[in-house]
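Counting in this note's numbering, the sequence shown runs from 4 upward without gaps.
Because the hints were derived from the structure by calculation, they are not lab data.
A couple of the hints might just be wrong.
[Stated by the list, open to error] Label pairs and their in silico Cβ distance ranges: (1) ILE281 x THR439: 24 to 30 Å; (2) GLU104 x LYS550: 55 to 61 Å; (3) SER339 x HIS215: 15 to 21 Å; (4) ASP403 x PRO451: 53 to 59 Å.
[Unchecked claim] In the PhoX-like style, the derived pairs of lysine-lysine whose C-alpha atoms are separated by at most 25 Å in a straight line are: (5) LYS655 x LYS44; (6) LYS52 x LYS62; (7) LYS429 x LYS95; (8) LYS95 x LYS76; (9) LYS62 x LYS557; (10) LYS60 x LYS464.
Each residue gets a CB set at the ideal place from its N, CA and C atoms; glycine is no exception.
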Amino acid sequence: MTALPTDRSDLKGFFASRDQQSDLEEKLEDIFSNLYYTWDKDLYAFIDKLDSYNWRKTKSPSVIIHRYLEEHKIPKEEDLTLIENGISAIRKYLNDVTWCEEHCHENKDLLAFSQHPIAYFCAEYGLVDWLQIYSGGLGVLAGDFIKEASDYGLPILAIGLFYHEGYFHQNFDSEGIQNEHYIPQDPAASMLTLVRDKEENPVEVSVTIEDHEVYVRGWELKVGHRSIYLLDTNFEKNEKWEDRMITAHLYGGDEDTRIRQEIVLGIGGYRFIQNIGIHPSVIHLNEGHASFVVLEKMNETDTTLPIEDRFDKAKSNILFTNHTLNAAGNDKFEFSLIEKYMKPYADALGIDIEALFGFGNDQLYSKSAFSMTILGLKGSRIANAVSLLHGEATKRLWPDYPMEAITNGVHMPTWVAGPYQQEFEKYVDMEWKNPTASVDWEKINDIPDETIWQIHNDMKKLMIERINSTLGSSLDQHALTIIWTRRFAAYKRPDMFLQDIERLSEIVNHAERPVQFLIGGKAHPRDTLGKQLLQKVISITQDSRFKNKIVFLKGYNWNLARYVMPGADVWLNNPIRFEEASGTSGMKAGANGVLQFTTLDGWTDEVNWEGKGWVLPQEHISSQIYEILSNQIAPLYYANEAYPREWVSMMKETMKACLSHYNMGRMLEEYIQLYSKLAH
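Working from the sequences, and respecting the hints, build out all of it.
Listed below in structure tokens is the structure:
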């Protein structure tokens with residue numbers, strides 16, 4: 004506690020200071036309590052400075068606020084101005100008329116959505132790093148989707164899980180083997196609000212787990228105009244430790260833990276939104292983790308109907324999105340596990356467990372197992388893939404289930420660096436972020452080349468300073484910088500550039516055209532092969548030939564990604580064709596003018612890369628990485644000019660391609676069309 008001054012003449016100033024601090028604390032809490040700040044370029048720049056420069060040591064908002072107030076007994080005038088402007092920006096954003104409000108009177112579907120919102124279910128949301136409820140691309144995409152829904156004013160609410168120990172933090176032992184540890188997180192300290200009813204009692208529902216009830220509560224997270232409801236079981240009403248641990252870890256634990264989490268998400272989630280008075284017009288299952296929603300919805304159907312008719316009726320307003328063909332991303336459970344956990348739900352439906360098992364089983368794909376993906380495909384009226392190529396690939400794996408294709412996009416106000424945004428406002432369209440604006444992205448050509456190059460170098464310098472400060476590395480801000488960051492999985496081929504060590508050494512240590520590689524990502528805790536690939540990369544970084552030439556970004560996360568996306572020179576992407584369903588990291592980097600060095604898979608298969616980047620073949624990919632890098636990319640980057648004119652021209656073309664078509668607004672509008680089909 005701060006001591007009172009002994010001199011009475013100082014008391015007035017003391018209490019005035021205390022009042023100012025209290026007012027400032029309240030305003031900072033207001034800012035942190037709505038994640039709108041994460042996509043307001045000015046507000047985020049200020050908030051980002053409040054946190055540690057070390058991206059691996061993210062703190063909860065309550066800790067950040069407390070530390071700021073302790074260090075700034077008398078806040079800087081410029082800080083007060085930024086905070087006041089931030090509060091005004093939030094209020095303006097929340098009070099402005101949205102796209103949906105403008106169009107709902109002429110569009111009966113939008114009007115229906117306003118009365119019965121869309122319910123969006125996903126196991127993870129990547130929104131900010133002090134909230135560890137995401138692992139990678141799926142979660143970040145879901146977070147971007149909710150932010151875009153907020154920008155449009157689309158009536159949608161999201162349902163997920165609050166993992167009180169989150170996703171793992173990444174460390175390595177002396178042999179370079181990834182090990183995982185978990186850091187507890189407190190929902191209240193993260194500015195989440197416990198959902199209560201009109202009598203101020205916590206809203207709770209229960210689900211049956213084996214022979215007893217497990218209680219589920221919900222926390223509200225504000226994302227602009229929208230809310231995400233995060234469910235958890237970690238409270239006193241659940242007496243058993245194993246029940247409280249159901250929502251401990253994202254993608255952690257064994258198959259028992261996974262199926263119990265998916266019961267909480269799907270069945271508990273649907274019960275929860277019903278309890279708070281939401282009767283959705285459409286249910287969107289973003290991946291198979293929430294597919295048990297279908298079984299819960301069957302309880303609303305006429306019990307006199309045959310069970311197949313009840314199943315068909317339940318799925319009438321459900322959309323299912325698949326994001327991967329990879330087996331590891333499509334949960335399957337053995338019959339014994341389904342019998343153990345789902346028998347009470349079969350009994351409630353008046354069917355035997357074999358009949359329930361059949362809803363998630365087919366002879367072609369799941370065979371003797373229960374597939375959450377098959378349940379989602381069978382239990383939805385419309386299913387979709389996440390790129391055109393992915394849509395083609397699904398026909399081979401799931402030929403009995405037709406799928407539409409909506410290529411993913413990214414939320415551009417989140418991922419485009421602030422300096423570029425300022426230039427867009429100046430040269431392209433002041434309202435470029437506004438969903439109602441029709442933007443002519445060809446006007447990017449009007450931005451002076453020198454300006455583009457200067458911004459790029461400023462962002463690269465900022466990225467490298469941040470990495471060097473945290474990792475103790477000595478990366479060169481002037482060296483050609485190639486970045487590969489994503490989940491470590493075999494099909495993504497993170498080791499392709501390591502196949503010829505001698506050739507690689509020649510490239511990175513070239514006297515006139517040096518190259519450096521930054522690699523980041525985590526392997527799933529149970530992915531042995533992914534961990535081995537990660538160990539291989541870590542081992543290379545210890546080789547004296549590659550010190551400060553190949554650097555691993557330990558603990559790569561959302562926060563660092565916002566520096567890496569605009570700071571890279573080249574984005575390397577080399578998955579096996581048909582394995583990467585979409586891939587969005589390249590879209591984010593490309594929107595910042597980062598040139599793509601890629602195989603044609605997922606979204607990259609849809610783009611003509613001539614004049615924008617370099618295409619890698621599927622065959623002999625390793626040798627081609629070296630060949631193209633040495634003979635095309637490096638000479639172009641190190642062109643002996645005031646700035647590399649052709650390189651900047653390619654940056655502009657890449658920006659235009661990504662901003663015009665791979666934005667989340669285009670993606671959201673295509674989903675609205677599917678929602679409208681389901682609303683009838």
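The hints, checked one at a time:
no.: 1; hint: ILE281 x THR439: 24 to 30 Å; verdict: holds, 27 Å
no.: 2; hint: GLU104 x LYS550: 55 to 61 Å; verdict: holds, 57 Å
no.: 3; hint: SER339 x HIS215: 15 to 21 Å; verdict: holds, 19 Å
no.: 4; hint: ASP403 x PRO451: 53 to 59 Å; verdict: holds, 55 Å
no.: 5; hint: LYS655 x LYS44; verdict: holds, 21 Å
no.: 6; hint: LYS52 x LYS62; verdict: holds, 12 Å
no.: 7; hint: LYS429 x LYS95; verdict: holds, 21 Å
no.: 8; hint: LYS95 x LYS76; verdict: violated, 29 Å
no.: 9; hint: LYS62 x LYS557; verdict: holds, 17 Å
no.: 10; hint: LYS60 x LYS464; verdict: holds, 21 Å
Consistency note: the structure conflicts with earlier hint 8 alone.
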